[in-house]
Amino acid sequence: MLYQTIDILGTVAFAISGVLVAMEKRLDLFGVLIIAFVTAIGGGTLRDLLIGNTPVVWMRDLTYVTTIFIAVVFAIIFASQLKYLRKSLFLFDTIGIGLYTMVGIEKGLQANLSPIMCVALGTMTACFGGVTRDILCNEIPVIFRKEIYATACILGGASYFLLLLLPIPASYAYLTAIFVVIVLRLLAVKFGISLPNIYKKTS
Amino acid sequence: MLYQTIDILGTVAFAISGVLVAMEKRLDLFGVLIIAFVTAIGGGTLRDLLIGNTPVVWMRDLTYVTTIFIAVVFAIIFASQLKYLRKSLFLFDTIGIGLYTMVGIEKGLQANLSPIMCVALGTMTACFGGVTRDILCNEIPVIFRKEIYATACILGGASYFLLLLLPIPASYAYLTAIFVVIVLRLLAVKFGISLPNIYKKTS
Amino acid sequence: MLYQTIDILGTVAFAISGVLVAMEKRLDLFGVLIIAFVTAIGGGTLRDLLIGNTPVVWMRDLTYVTTIFIAVVFAIIFASQLKYLRKSLFLFDTIGIGLYTMVGIEKGLQANLSPIMCVALGTMTACFGGVTRDILCNEIPVIFRKEIYATACILGGASYFLLLLLPIPASYAYLTAIFVVIVLRLLAVKFGISLPNIYKKTS
Numbered sequence: 001m002l003y004q005t006i007d008i009l010g011t012v013a014f015a016i017s018g019v020l021v022a023m024e025k026r027l028d029l030f031g032v033l034i035i036a037f038v039t040a041i042g043g044g045t046l047r048d049l050l051i052g053n054t055p056v057v058w059m060r061d062l063t064y065v066t067t068i069f070i071a072v073v074f075a076i077i078f079a080s081q082l083k084y085l086r087k088s089l090f091l092f093d094t095i096g097i098g099l100y101t102m103v104g105i106e107k108g109l110q111a112n113l114s115p116i117m118c119v120a121l122g123t124m125t126a127c128f129g130g131v132t133r134d135i136l137c138n139e140i141p142v143i144f145r146k147e148i149y150a151t152a153c154i155l156g157g158a159s160y161f162l163l164l165l166l167p168i169p170a171s172y173a174y175l176t177a178i179f180v181v182i183v184l185r186l187l188a189v190k191f192g193i194s195l196p197n198i199y200k201k202t203s
Numbered sequence: 001m002l003y004q005t006i007d008i009l010g011t012v013a014f015a016i017s018g019v020l021v022a023m024e025k026r027l028d029l030f031g032v033l034i035i036a037f038v039t040a041i042g043g044g045t046l047r048d049l050l051i052g053n054t055p056v057v058w059m060r061d062l063t064y065v066t067t068i069f070i071a072v073v074f075a076i077i078f079a080s081q082l083k084y085l086r087k088s089l090f091l092f093d094t095i096g097i098g099l100y101t102m103v104g105i106e107k108g109l110q111a112n113l114s115p116i117m118c119v120a121l122g123t124m125t126a127c128f129g130g131v132t133r134d135i136l137c138n139e140i141p142v143i144f145r146k147e148i149y150a151t152a153c154i155l156g157g158a159s160y161f162l163l164l165l166l167p168i169p170a171s172y173a174y175l176t177a178i179f180v181v182i183v184l185r186l187l188a189v190k191f192g193i194s195l196p197n198i199y200k201k202t203s
Numbered sequence: 001m002l003y004q005t006i007d008i009l010g011t012v013a014f015a016i017s018g019v020l021v022a023m024e025k026r027l028d029l030f031g032v033l034i035i036a037f038v039t040a041i042g043g044g045t046l047r048d049l050l051i052g053n054t055p056v057v058w059m060r061d062l063t064y065v066t067t068i069f070i071a072v073v074f075a076i077i078f079a080s081q082l083k084y085l086r087k088s089l090f091l092f093d094t095i096g097i098g099l100y101t102m103v104g105i106e107k108g109l110q111a112n113l114s115p116i117m118c119v120a121l122g123t124m125t126a127c128f129g130g131v132t133r134d135i136l137c138n139e140i141p142v143i144f145r146k147e148i149y150a151t152a153c154i155l156g157g158a159s160y161f162l163l164l165l166l167p168i169p170a171s172y173a174y175l176t177a178i179f180v181v182i183v184l185r186l187l188a189v190k191f192g193i194s195l196p197n198i199y200k201k202t203s
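Protein chains in written order, with UniProt numbering: chain A, 1 to 203; chain B, 1 to 203; chain C, 1 to 203.
Honestly, the hints are just simulated from the structure, not real lab data. Careful: at least some of the hints might be erroneous.
[To be verified] Which residues of chain A face chain B? A few of them, derived with a C-beta cut under 8 Å, are:
1. F30
2. L49
3. T54
4. P55
5. V57
6. I182
7. V183
[As the list claims (entries may be wrong)] Away from chain B, derived, C-beta distances all over 10 Å, residues of chain C:
8. F74
9. I77
10. K190
11. F191
Where a beta carbon is used, it is the ideal one built from N, C-alpha and C, also for glycine.
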């Protein structure tokens with residue numbers, strides 16, 4: 001129950017982030033729909049393909065497509081309001097990666113993957129939809145910008161496996177890890193934290 | 001028998017459309033072959049991966065590769081004639097999406113997907129090869145241009161399920177739906193029909 | 001044993017080639033890691049997905065990820081030395097396609113594919129990682145440059161099936177075919193051999 005709710009919330013967050021990018025590029029109605037779908041299902045599709053969980057989940061369960069459709073209609077209608085919230089795209093994208101990281105890790109555990117591979121799967125689930133959204137909209141993918149992005153997913157995912165070692169319910173560890181991903185990303189952007197430079201300085 | 005024939009005809013149409021785009025970009029022989037293959041098998045590959053129908057169909061059945069090879073040789077030899085038919089690329093691409101839409105829907109039904117997912121699968125089968133062709137050739141994908149493209153596949157696919165409700169043989173419904181996709185796309189381009197504008201006019 | 005060794009050596013070669021391209025583009029640490037991973041596992045992932053060998057091999061066996069990680073650390077530390085070897089990228093890429101061509105063919109045989117499909121699978125295994133590396137780094141993919149690249153994989157792969165007809169051990173044929181791919185690519189670049197022109201000369 002908790003896991004399905006998180007999955008649907010992530011779908012909503014990514015669908016809205018897709019609509020916001022697509023409308024900024026002034027795509028037509030179909031283009032907006034496509035970008036919203038790709039953003040919301042891209043990560044889960046890659047995840048399901050890699051672990052051989054086919055037909056991929058959104059083809060078997062209409063909940064996803066219905067949710068995306070409703071989110072798109074809602075986002076288009078309220079687009080002008082969302083536009084005034086200048087950070088809304090960043091926020092929805094950040095919530096999306098937090099939720100999807102844990103959805104991917106959960107699926108990895110179900111497929112008996114090792115913790116390291118679960119974290120990798122969670123990170124790909126979280127990041128791939130946004131990367132595809134940005135490539136299709138001709139933007140530099142967020143993941144390659146000088147910010148902590150996938151790193152937040154990796155650290156959040158790792159925190160889940162560490163938290164599981166404590167005597168707390170698994171659902172607490174699950175929700176805390178989502179929180180860790182979101183907070184890390186927010187703090188990284190707020191304080192301009194990025195990865196260390198591996199190049200020698202050239203003056 | 002009918003379904004295989006339609007599948008092979010779609011393969012020929014898309015292979016030729018791939019050759020035409022690749023030659024316009026003056027790629028070398030290998031590049032032309034690759035683009036023709038990717039255009040012809042891209043949609044079916046995505047379809048087979050999504051529903052878990054692996055090894056993907058063209059790896060199990062040499063008919064596809066042989067067909068594409070013959071179509072490419074034919075298209076290169078007669079390229080100068082095809083060039084004079086200025087609309088030949090558009091025509092082969094349109095025939096291709098009509099045929100592949102129904103091939104995809106048929107595979108979706110075999111995988112017990114719901115009608116909505118079958119139409120989505122048919123549309124992806126039809127559109128993905130052409131999108132990949134255009135990305136590799138550095139063209140704006142046809143699907144994102146201001147024309148009805150995927151919409152024709154969706155409406156044609158939906159018409160199939162409506163026609164199945166009538167007391168006619170399934171093969172009639174199948175062929176009529178292909179016809180619907182092709183005619184919708186031809187009419188949309190001829191009369192410049194596109195999707196409604198979702199943006200408020202800015203003067 | 002031989003096959004695993006070849007697979008790991010190919011992984012090392014491609015991971016290093018990924019690091020070299022990514023550092024030339026001055027990506028940050030995470031970007032370098034991602035490009036190295038994608039280059040090293042891209043071909044094998046496509047191969048496993050196409051034949052339905054899921055979860056894909058690098059998710060089930062930590063050897064790959066560990067190997068790539070060590071190769072990346074090594075390559076970053078010694079990057080300044082590798083930089084002076086101006087042809088090092090070309091060399092690692094060429095060794096990589098030689099090794100991966102045969103890894104792919106072996107997996108195709110295990111999946112009972114016909115020889116032609118095995119060669120196609122080997123060529124895709126060899127080429128896809130490099131193509132993805134170049135697209136992500138915004139370079140024209142090597143495969144589309146005016147050189148023999150995939151053709152070397154195809155000819156080397158075909159030579160394997162011809163060599164199997166001779167009364168020699170399969171492992172000899174296997175190693176010779178790798179050698180054929182590498183030598184063909186080296187000779188093609190050294191002597192500027194490319195595919196025949198299919199366009200009529202325009203003066």
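query = What are the numbers of the hints that this structure violates, sorted from low to high?
reply = 5, 6, 7
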